[in-house]
Amino acid sequence: MRVLIIEDEPRLAENVGRSLRESAGYAVDIAPDGQDGLFMAESNEYDAILLDLMLPHIDGMEVLRRIRKAGQRTPVLVVTARDDKESVVALLNAGADDYLTKPFDLGELLARTKALIRRGKGQPLPILSIADLELNTNSRSVRRAGRPITLTAMEYRVLEYLLHRPRAVVSKTELLEHLYDYNWEKFSNVIEVYISGLRRKLDNGSSRQLIHTVRGQGYVLQD
Amino acid sequence: MRQTSIRRRLIAIVVLSQALLAAGLLLTGIYYTEWRLLSSLDAAMQARATSVAALVRYTEDGTGNVYFDDSLIPPSIDPTHPDLFAVWTEKSGLLVHSRNWPPALQIPPDGKDHWRFKWAHVPYRGLRALHVPVLDREDGPEFHAQTLTVVYATPLIQLDQQVHAAGVSIAAWSGLLLAITVLLALWGIRRGLLPLRELADQAASVSSSNWQLHLQKDEEQVTELRPLIDSMTNMLARLERSFVQQKEFLGNAAHELKTPLAVVKSTLQSLLQRPRSEEEYQQGLEHSLEDLQRLEQLLHWMLRLARAEQWAHGGLRRDLQVIDLSATCEEAVERVRHLAAERAMTVELEKNGQVPFKADPEDLQLVWSNLLENAVRYSPEGARVEMKVANTNGGLARVIVADHGPGIPADELAHIFDRFYRGDPSRNRATGGYGLGLAIAKALVEAYGGNIRAESAPGEGTRMTVELPTS
Chain A
1 MRVLIIEDEP
11 RLAENVGRSL
21 RESAGYAVDI
31 APDGQDGLFM
41 AESNEYDAIL
51 LDLMLPHIDG
61 MEVLRRIRKA
71 GQRTPVLVVT
81 ARDDKESVVA
91 LLNAGADDYL
101 TKPFDLGELL
111 ARTKALIRRG
121 KGQPLPILSI
131 ADLELNTNSR
141 SVRRAGRPIT
151 LTAMEYRVLE
161 YLLHRPRAVV
171 SKTELLEHLY
181 DYNWEKFSNV
191 IEVYISGLRR
201 KLDNGSSRQL
211 IHTVRGQGYV
221 LQD
Chain B
1 MRQTSIRRRL
11 IAIVVLSQAL
21 LAAGLLLTGI
31 YYTEWRLLSS
41 LDAAMQARAT
51 SVAALVRYTE
61 DGTGNVYFDD
71 SLIPPSIDPT
81 HPDLFAVWTE
91 KSGLLVHSRN
101 WPPALQIPPD
111 GKDHWRFKWA
121 HVPYRGLRAL
131 HVPVLDREDG
141 PEFHAQTLTV
151 VYATPLIQLD
161 QQVHAAGVSI
171 AAWSGLLLAI
181 TVLLALWGIR
191 RGLLPLRELA
201 DQAASVSSSN
211 WQLHLQKDEE
221 QVTELRPLID
231 SMTNMLARLE
241 RSFVQQKEFL
251 GNAAHELKTP
261 LAVVKSTLQS
271 LLQRPRSEEE
281 YQQGLEHSLE
291 DLQRLEQLLH
301 WMLRLARAEQ
311 WAHGGLRRDL
321 QVIDLSATCE
331 EAVERVRHLA
341 AERAMTVELE
351 KNGQVPFKAD
361 PEDLQLVWSN
371 LLENAVRYSP
381 EGARVEMKVA
391 NTNGGLARVI
401 VADHGPGIPA
411 DELAHIFDRF
421 YRGDPSRNRA
431 TGGYGLGLAI
441 AKALVEAYGG
451 NIRAESAPGE
461 GTRMTVELPT
471 S
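Sequences listed follow chains A and B, in order. When we follow my numbering, the leftmost residue of the first sequence carries the number 1, and every step to the right adds one. When we follow my numbering, the leftmost residue of the second sequence carries the number 1, and every step to the right adds one.
Derived from the structure by calculation, the hints contain no laboratory data. Just so you know, not all the hints are guaranteed correct.
Unchecked claim - Within a straight-line C-alpha distance of at most 25 Å, the following computed DMTMM-like cross-link-like pairs (lysine to aspartate or glutamate) qualify:
#, chain 1, residue 1, chain 2, residue 2
1, A, LYS85, B, GLU240
2, B, LYS247, B, ASP418
3, B, LYS258, A, ASP84
Next up, chain B with everything else stripped away, as it sits in the complex:
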């Protein structure tokens, strides 16, 4: 897997954008500097070209010929690098040129008045201007005014140096700025990520004895961390609940297993205490076997409960078929009929057509059997137990098991679904109960997304209601 780093990414983004900005700034700066320098240079060149043109005069002889008065040539713009110029007349072509005029200089065609060229490894800027010479005599004959073409060029060495200096300076400042930004970004990101590290430290300190994240105000105030903290807190709460539940179950289970174990152990030890008759050995072994079978039974139901609770919390992950829920009720009633008959009791089932439900029929039968057996066991002999199954309008299947027994006191009613809870242990032990039946029923009902509740009125009986979502 490729490791990625938020810090590195952020730094890369910062550096990249800063570099782009710097490059843009540099280009703009160079272009602007050059443009500013060139425009002032152009003004100076224009002025000099005009001055040069003004040195072209008519001769005194009235022929209209011109000559160049070279006594007043304007000084070069850059005193260390002499300017170039040349003047052409309409009539006789090249009239004059500066001493250092390159004969092979290509003048660009009309329409382009400024251009750059290189001569003797020196860059130049050229200017072409059209001029009409000014008449220096007001009283002279009217001449057909000649058009002069003046080309003036100046070396760009100084300008290029200035532009270069400006570029270097902009680049240097940009670089410095970039470095400062990166440092600031590094520091900021480090500081920004500090709550994350704190959170990680807190998460690392979570253990089976400490399920809390002890957060500072800082972390809680970071908006970006809020969803993470919330989901971590929720996750921890869920984990803690299931861990505590497991621990409780283990504790309960160990506790419940100790008594039957103590019984078997004491039987065997008492047999060994002194020589016994064959009959005593026989009886002792039979008792031990019986107790071991009870232990086995208890283990079986504990595992059944553990599995049901796992389904209830983790969801059923089985391929389930749609079955008729009322048929499972019928089956359960059949199973309990024998027990009911022993106590001269009747079990009535009231149903109303099929109730399709997606489930393992064994699970449902176990739920109904537990409810029915409880009802039969805790009702007086000859009493009636009723089971009703119906589809409600709200997409629920409702199953009710009602007895006419002594009822359950309110303080016990709150605990009847707790595992290993025996309302009245003497009664329960006598009937072989482990205090798991209703806990298993509840876990199974919840595994199918339903709920179970008990209502009881002392002296009138108990009514257990199971609701299962059919859709």
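Chain A on its own, in the form it takes in the complex:
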């Protein structure tokens, strides 16, 4: 999962970003103002956007409007210092999915972000499953037929993303887009490495293969 933080207070953005990386295993990009944020939101694919309202150049509300006007459906969590009813209503009406008032709790921010991503992909439960495979996004643990499976951080990210989109064909580019932040060089062959690692670990001792390759298109997670 990849999240964009649009926040002009560098230390706050850094803390939130670190928390998302460490506790949820998300790829995080940080934009220091509305202009950069808008540009990044338009040029990359994010699974969620955390948006501060008080921003230099283009304020958060305007960023939100433009994102929605461009037809982007990415869930947006607004972080604001205002908590009066009018502001909240205006925010939600402008297309925000959720809001959090400053000073917020990092744990709450994390939980809300996760929930937003889940809902954005049509998954209501924090425990994702297909066949006898189960992934708990809270404890970040994976089991197959009750057997715990230990994954590397990147393997977990790939599997989490695939589990959010079960039975859909997911391209390597899509995986790269959603798993790496802006600062990484993106080489599609690393995905192949993670997929083969995942296959080995998941299918070990099981008769059914869960991750299938669709030639020339990508991967599908299904029975």
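Knowing the structure of chain A, use the given hints to seat chain B on it.
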């Protein structure tokens, strides 16, 4: 404290004046009635006295003696209370008197023809008349005409009763009138004071969410209430302004404090999320401390602004000394020189002798420092900042700070004195600005009765002008 009541006072005045009027009326009425009755009584007495005198005749014997013919005595004025009379002759004294004549009656000395006396518990009015008897024979010898003195008196019982009745009647009518007046006055005052009660009700309904007096036409049309309504309306407007300002300030302050708080909180929470290395803890704590210091700084400036705004609205209440205004400019220029040097900039001060001004030098230095720091921060490196201080002819000290920076766009220029306004937040945050400097400067200048304005031409620079009244 003694309570006073307008209604009671007005009623007292009405009752008192009405009572005085009634008393006057009563006295006049009694006096007039008595005078009218007495004058008609006097006429009747005079007529009877004349009749009595006419009964005195000369005897036939030619001696010139007189006798009293008692066959034709006139009837008493009041038939139930007989009149008194007595006749004296010059020659032989008392000639005749009525049967009920009191022998001990004192006749007042000459000159007083009417008098009042009491006999046997009955009040009387006495009349003394001098008469010359009429000759009843034309052919008789000429006698030396004798002068008769007739005293005639009539009881005043009936008259006194009439006067008394008149008095009672006047008093009764006056009393009735008084009662009606008091009732009318009570009703009128009550009605008259109704707008006042309405006004009080309206005033009672004023609250922090309703600052308006919703007056009816009635109240507004009452001339006497006009000054009260006007001053109340003005007072409410002033209160509302300062209340809204306070509320805004509180809202702004809370809003501004939330971000630095969120930073500190997130730093600490992120440290606690998982075990960290000593280095990470160290760094986290340092960051938190830095952010807390920023928060402290922000609070300091917010309080400074609040105090300055309070002075600006409530007036300075401090003992101020006369200082040299240009010296405070000099001091401020010295303070900013270091910052300017870092950016290879020069700050020039142009002054023209001393400018005496009554102020706390710290306040003025803060104003100049804020203006100079802004000028230095927003000018390109190597640029020049000019400060001019001069006394104008109109009793004003004028201080100008001009830079050669990029200028301020017109839409931002209108807001630069608003608190927490940051024209370009990215620049301001980087330079540690809180958006309070110019707001504080404005509040301080206004606290000293002056004004501050900004002019800017894009690409040419900004010029801040402060004018302070020196007298």
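Now for the hints, and whether the structure bears them out:
For the given pair, A/LYS85 sits about 23 Å from B/GLU240 by alpha-carbon distance, which is consistent with the 25 Å threshold. Using a Cα cut-off of 25 Å, the hinted pair B/LYS247 and B/ASP418 holds, with the two alpha carbons roughly 15 Å apart. Simply put, B/LYS258 and A/ASP84 have alpha-carbon atoms about 14 Å apart, close enough for the 25 Å limit, and the pair holds.
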